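Trainee: Sequence:
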Amino acid sequence: MSTVPKPVSQTEFQPSELGFGAGALSGTYDKIESHWPVEACREALQSGINVFDTSPYYGQSEFILGDALDTLKGEFPRSSYYIQTKIGRYGVHPRDFDYRGKRVRESVAESMRRLKTDYLDVVLCHDVEFVDFEDVVGPEGALEALFQLKKEGVIKYVGCSGYPLPVLLKIAEHQQAKGNPLDCILSYCHYTLQNTSLADYTPKFHAAGVRYVANASPLGMALFRNAGPPDWHPAHAELRAAAAKCASVAKENGIDIAELASIFSFTGRDTFNLNCTYIGLENKEDVQKAIATWKRVKARQQQLEQPSDIERKVVEEINALLAPYKNYSWESPSPRELAA
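Numbering (our numbering), first residue to last: 164 to 503.
For the record, the hints were derived by calculation from the structure and aren't laboratory data. Owing to the predicted nature of the structure, the values given are computational and were not obtained by experimental measurement. For each residue, glycine too, the CB sits at the ideal point set by N, CA and C. Keep in mind that the hints are not guaranteed to be accurate.
[To be verified] Think about it this way: if two alpha-carbon atoms lie no more than 35 Å apart in a straight line, the pair counts; the simulated DSBU-like pairs of lysine-lysine are:
| # | residue 1 | residue 2 |
| --- | --- | --- |
| 1 | K313 | K279 |
| 2 | K461 | K169 |
| 3 | K447 | K169 |
| 4 | K476 | K452 |
| 5 | K194 | K314 |
| 6 | K452 | K367 |
| 7 | K461 | K476 |
| 8 | K333 | K236 |
| 9 | K447 | K489 |
| 10 | K458 | K279 |
| 11 | K414 | K447 |
[Unchecked claim] Restraint ranges, calculated between C-beta atoms of paired labels, are given here:
| # | residue 1 | residue 2 | range |
| --- | --- | --- | --- |
| 12 | Q339 | P302 | 17 to 27 Å |
| 13 | P366 | E238 | 36 to 46 Å |
| 14 | K314 | A404 | 43 to 53 Å |
| 15 | H256 | K461 | 37 to 47 Å |
| 16 | T434 | L467 | 17 to 27 Å |
| 17 | E273 | E238 | 24 to 34 Å |
| 18 | K414 | P487 | 18 to 28 Å |
| 19 | N436 | Y282 | 24 to 34 Å |
| 20 | S242 | N436 | 19 to 29 Å |
| 21 | S471 | D433 | 19 to 29 Å |
All chains, please: the whole structure from these sequences, using the hints.
Mentor: Shown next as structure tokens:
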């Protein structure tokens, strides 16, 4: 990854292998200090990360990211990175979704104001499994509005995000049959130590005309970190307990479970042509850790470094602990989200 700011391609989406998950800047997982966002964004851009993912749903994320990037515009002009945001989800429950074309246009305009930009590189329909299929693909629905905005030059790439892979594939195949295929798919928590389903689905997405496939939440929405996931995490108690045991096994052997989880997920580019992995980053140190882990993955692929015997043993133990839950996907929407 280069340290020299240069314009990203304006004719093709060429995201860095590692993407900045700016939802973390909203304080969803931890309290954010006021100086962190600018420092994190600067460190990311200096390290070669060239794409930021956010959403109106992620609390103050769009405002915080927009302010940080605006502060850095003298060092890193808008042409040196991509911004990806979303439409449609504005709260926890299904009633907080609005996929109507008119609202989509308003949402894109609001996001541009918050992000202090006059165009958006990628806009995704957020969490498509919460709404009716026709709300996504039908007349006067979300995708129709987004593709019109693409024609108008307001946004460059259109896509969908969500958790259940079959739902994403159904939309992708429908759009291909209409002759208007999706540009992008953003999946999350489906290429982790516990669930690798995205590797099986990516060829299907490409066959449906999708050009770019990305993975988010390589730590399984904080499932694989020493502090454990937040209380609202949708995984069942057994998987949460197994993940906690994985973290303990790693720690007992002097290894950080989050680093192991990241190492695994960052292999996606070479394993199944994954375009980008988004990881939540809160501060400069998070960025440095993520970049160091990514570089370690590259060194291993080039045979410049090998995992230690202890790491291999820990990975074996973790795989055994997670085996009963391999490729298990939790419910989405979750019961909590469906509650009135």
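Trainee: Now, for every hint given, state plainly whether the structure supports it.
Mentor: Evaluated hints:
For a cut-off of 35 Å, the pair hint linking K313 to K279 stands: about 19 Å separates their Cα positions. Distance hint between K461 and K169 is fulfilled; the C-alpha atoms sit about 22 Å from each other, no more than 35 Å. This hinted pair checks out: K447 and K169 have alpha carbons roughly 21 Å apart, not beyond 35 Å. Distance check on the hinted pair: K476 and K452 sit about 23 Å apart at the alpha-carbon level, within 35 Å; holds.
Annotation: proposed proximity of K194 to K314 is violated, straight-line Cα distance about 40 Å (limit 35 Å). With a C-alpha separation of about 33 Å, the suggested pair K452 and K367 falls inside the 35 Å cut-off, and the hint holds. As the CA atoms of K461 and K476 are separated by approximately 21 Å, the hinted pair is consistent with the 35 Å bound. Simply put, K333 and K236 have alpha-carbon atoms about 40 Å apart, too far for the 35 Å limit, and the pair is violated.
Between the alpha carbons of K447 and K489 the distance comes to roughly 33 Å, so the proposed pair stays at or under 35 Å and holds. Our distance criterion of 35 Å between C-alpha atoms is met by K458 and K279, whose separation comes to about 32 Å. A distance of roughly 23 Å separates the Cα atoms of K414 and K447; the hinted pair therefore holds under the 35 Å criterion. Between Q339 and P302 the C-beta distance comes to about 18 Å, which sits within the given range of 17 to 27 Å.
For the hinted restraint 36 to 46 Å between P366 and E238, the CB-CB distance of approximately 39 Å keeps it satisfied. For the pair K314 and A404, the supplied restraint of 43 to 53 Å holds, since their beta-carbon distance comes to about 50 Å. Between H256 and K461 the Cβ separation comes to about 42 Å, which falls inside the hinted range of 37 to 47 Å. As the Cβ distance of T434 to L467 is approximately 19 Å, the hint placing it in 17 to 27 Å holds.
For E273 paired with E238, a C-beta distance near 27 Å keeps the hint of 24 to 34 Å intact. Separated by about 22 Å at the C-beta atoms, K414 and P487 satisfy the suggested range of 18 to 28 Å. Restraint check, N436 to Y282: a C-beta distance of roughly 27 Å satisfies the suggested window 24 to 34 Å. For the pair S242 and N436, the beta carbons lie near 27 Å from each other, so the given range of 19 to 29 Å is met.
A hinted range of 19 to 29 Å for the beta carbons of S471 and D433 is consistent with their spacing of about 21 Å.
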